[in-house]
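Put chain B on the given structure of chain A with help from the hints.
Residue numbers (our numbering), protein chains in the order written: chain A, 7 to 381; chain B, 7 to 381.
Do not rely on the hints blindly, as some may be mistaken.
Copies of the same chain look alike in the list, so a pair counts if it fits in one copy or across any two.
Here are the computed lysine-lysine pairs in the DSSO-like style, where the Cα-Cα straight-line distance is at most 27 Å [as the list claims (entries may be wrong)]:
{"id": "1", "residue 1": "K252", "residue 2": "K355"}
{"id": "2", "residue 1": "K355", "residue 2": "K371"}
{"id": "3", "residue 1": "K216", "residue 2": "K135"}
{"id": "4", "residue 1": "K47", "residue 2": "K81"}
{"id": "5", "residue 1": "K356", "residue 2": "K371"}
{"id": "6", "residue 1": "K188", "residue 2": "K303"}
{"id": "7", "residue 1": "K31", "residue 2": "K356"}
{"id": "8", "residue 1": "K87", "residue 2": "K302"}
{"id": "9", "residue 1": "K252", "residue 2": "K31"}
No lab work stands behind these hints: they were computed from the structure.
There are 2 protein chains.
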Amino acid sequence: MEFELSATADNSRARAGIISTGHGKIETPIFMPVGTAGSVKGIHTRDLRDDIQAQVILGNTYHLYLRPGIDVIEKAGGLHKFNQWNKPILTDSGGYQVFSLGDIRKLSEEGAKFQSHIDGSYHMFTPEKVIDIQRSIGADIIMAFDECTPGDADYEYAKKSLELTQRWLHRCFNQLNNTEPKYGYNQSLFPIVQGNTYVDLRKLAVNHVKEFDADGYAIGGLSVGEPEQVMYEMTEVVTADLPLDKPRYLMGVGTPVNLLESIDRGIDMFDCVMPTRNGRNGMLFTSEGTINIRNKKWENDHSPVDENGTSFVDQYSKAYLRHLVISNEMLGAQIASQHNLAFYLWLVKKARQEIINGNFAAWKKEMIEKLNQRL
Amino acid sequence: MEFELSATADNSRARAGIISTGHGKIETPIFMPVGTAGSVKGIHTRDLRDDIQAQVILGNTYHLYLRPGIDVIEKAGGLHKFNQWNKPILTDSGGYQVFSLGDIRKLSEEGAKFQSHIDGSYHMFTPEKVIDIQRSIGADIIMAFDECTPGDADYEYAKKSLELTQRWLHRCFNQLNNTEPKYGYNQSLFPIVQGNTYVDLRKLAVNHVKEFDADGYAIGGLSVGEPEQVMYEMTEVVTADLPLDKPRYLMGVGTPVNLLESIDRGIDMFDCVMPTRNGRNGMLFTSEGTINIRNKKWENDHSPVDENGTSFVDQYSKAYLRHLVISNEMLGAQIASQHNLAFYLWLVKKARQEIINGNFAAWKKEMIEKLNQRL
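Isolated chain A, as found in the complex (with noise of 0.2 Å):
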């Protein structure tokens, strides 16, 4: 994998990138729908590509793991060739869904002993099984396996839990060292920068995950309940010490607006559920502000979804789309997460082209006083 950095702002750590994987290139700042389970909720693979134009998408280790499984992966020729997609696929490392799990998890030294939310079966993960199943998916880009602090966690606890996870990380690179890509591409493992909100073990997560020259560093354990400021401290924190030519991907982060306060601090690379899950429940992200389309006001709104939207969905008018979402038609589902996701890659589009253009400043204020809107 490969890293160009082809601007940056001025004022701002915001950057201008390209990622080179063996599936292709990707344009950052960038943002990559989610698919959890091998799809993005509602949305075929044709118009992820085309009509959304997606570069990247997501896969969850634990969520493959578990349904359909390793082995069907490892037979389809992995998860490009499973769901089609083939352009490049990061996949997270299931750390962040086993934290989710709580009561049904539990932590050791060796790894996360966990509970199938499916059928209750007991499964372990550890550092080195992560990179395997990683391995066996085929993602382009692979997470390493850490502890999720929650967001309240005390500073005795956060310390205790950046020391596991650093100790994991050597057994993840260890892992990684030892074994062969499976479908005959690069992989590249992703550190993941953990401390909470302790600024001290922030640094210190730095200057560990730093050690290891990786093509590329993740900010985890953020957005999971702190304010909204801590998390762009521990984001500019983290961005001042991590190195200039690498790209840096801040975990499930975020709405639009957290997008371009984010790249502003200098992130690259995001992902995150809401434009899938808000748009299931009838919430559009467009360039003037949000839209609530379950409001009566869109009633008898003929006019379409977004006037400035670039899918083809944003033709259909907001009164049909609040008919659909109210009927809870699946077309009204599948409109507004198309809606969403596109416009969340035009977003990042157009930061990349602000930043190259030396505008993004000026850009952002304006953006952002348009984005807090409610229409």
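Chain B alone, transformed into the frame defined by chain A:
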């Protein structure tokens, strides 16, 4: 509306024709995807037109009347504008839906009083009101308001019900003739032949509807619980006496085999929720037989969903589709629905070609053998 008979099969009542409407032509025999609440479940209008190649779709008066309501559809400029389907639309009269409500509807000479399945509110459908509603929806083909009897109704009930349907038909045509289309194109009213499973009632019903010299005729009250052979027998009885120069529509039917058997008996138009409803449950219809994609045998079958399929969704693998359906991923329901509709449209198109080529009987025999297989 005009109907041109292009070809008839030898030793069969099968016909190939062309219906011309204010929204373009329909080549018969045709299958009409069901867009209950103004959307064919899980299918983008674009794919319905370009991928599935539907020529006409159905809307349900009962559902559209309750939600979004007639006011919204009128303000949109009719259903074609509302759901952006620029080809022909047919609406049923709501008779069948009201019949399905069971305990929460009550019939009288005046019409049917019923409670909304959404909020329990009371409503009254009369023949006049149903015509008015269909004027507002603006379908190219609209249906008479009738009573649909259950498959096991006794003779006396069936006879009384038929007489009510006949009196209502007069009122429907009176209302049609006393009102104007709202959107500048003609709307054709099809009477519905009832009579349950009683040959003499069906014959009475046909003779009655013929008096109206309508643009086309529908057969209702079949596929509601009676044996399949009885359905075919009733269809034969009715088509024997219907005028040759008008299209015949068998309502709510059916499986691919039902379609071929009914085409053979002189039917030109069909609608059914089966391709989408069964698709959502993982049942696929193909030219080689039916597939239950949930079956373990497809777990590692990485061949296309349907090698002979005409839709782009047929290029996903069986193993991937099985995974999506079992995981309740929306995309699974979307792929299966789209495949099934594309297959139904392929089947009637192929039947049409074979009728024109003079090979319908031989092709039908061979096809039915394959359709009856379980893969």
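How the hints compare with the structure:
When the C-alpha separation of K252 and K355 is checked against a cutoff of 27 Å, the pair qualifies only within one copy, where the shortest distance is 19 Å, while the shortest distance between copies is 56 Å. Taking CA atoms no more than 27 Å apart as the test, K355 paired with K371 passes inside one copy only; the shortest distance there is 16 Å, against 56 Å between copies. Proximity of K216 and K135 under a CA criterion of 27 Å is satisfied intra-copy only: 23 Å inside one chain copy versus 74 Å between copies. In the homo-oligomer, the alpha carbons of K47 and K81 lie at most 27 Å apart inside one protomer (23 Å), although the nearest pairing across protomers, at 32 Å, exceeds that limit.
Taking CA atoms no more than 27 Å apart as the test, K356 paired with K371 passes inside one copy only; the shortest distance there is 14 Å, against 59 Å between copies. Within a single copy, K188 and K303 get their C-alpha atoms only as close as 54 Å, which misses the 27 Å cut-off; across copies the closest is 25 Å, which meets it. Proximity of K31 to K356 under the C-alpha cut-off of 27 Å is restricted to the intra-copy arrangement: shortest distance 17 Å within a copy versus 44 Å between copies. Taking the closest pair of Cα atoms, K87 and K302 come within 27 Å of each other only across two copies (20 Å); inside a single copy the shortest separation is 44 Å, beyond that limit.
Taking the shortest alpha-carbon separations for K252 and K31, only the intra-copy value of 15 Å comes in at or below 27 Å, while the best inter-copy value is 59 Å.
Violated hints for the displayed structure: none, as all numbered hints are satisfied.
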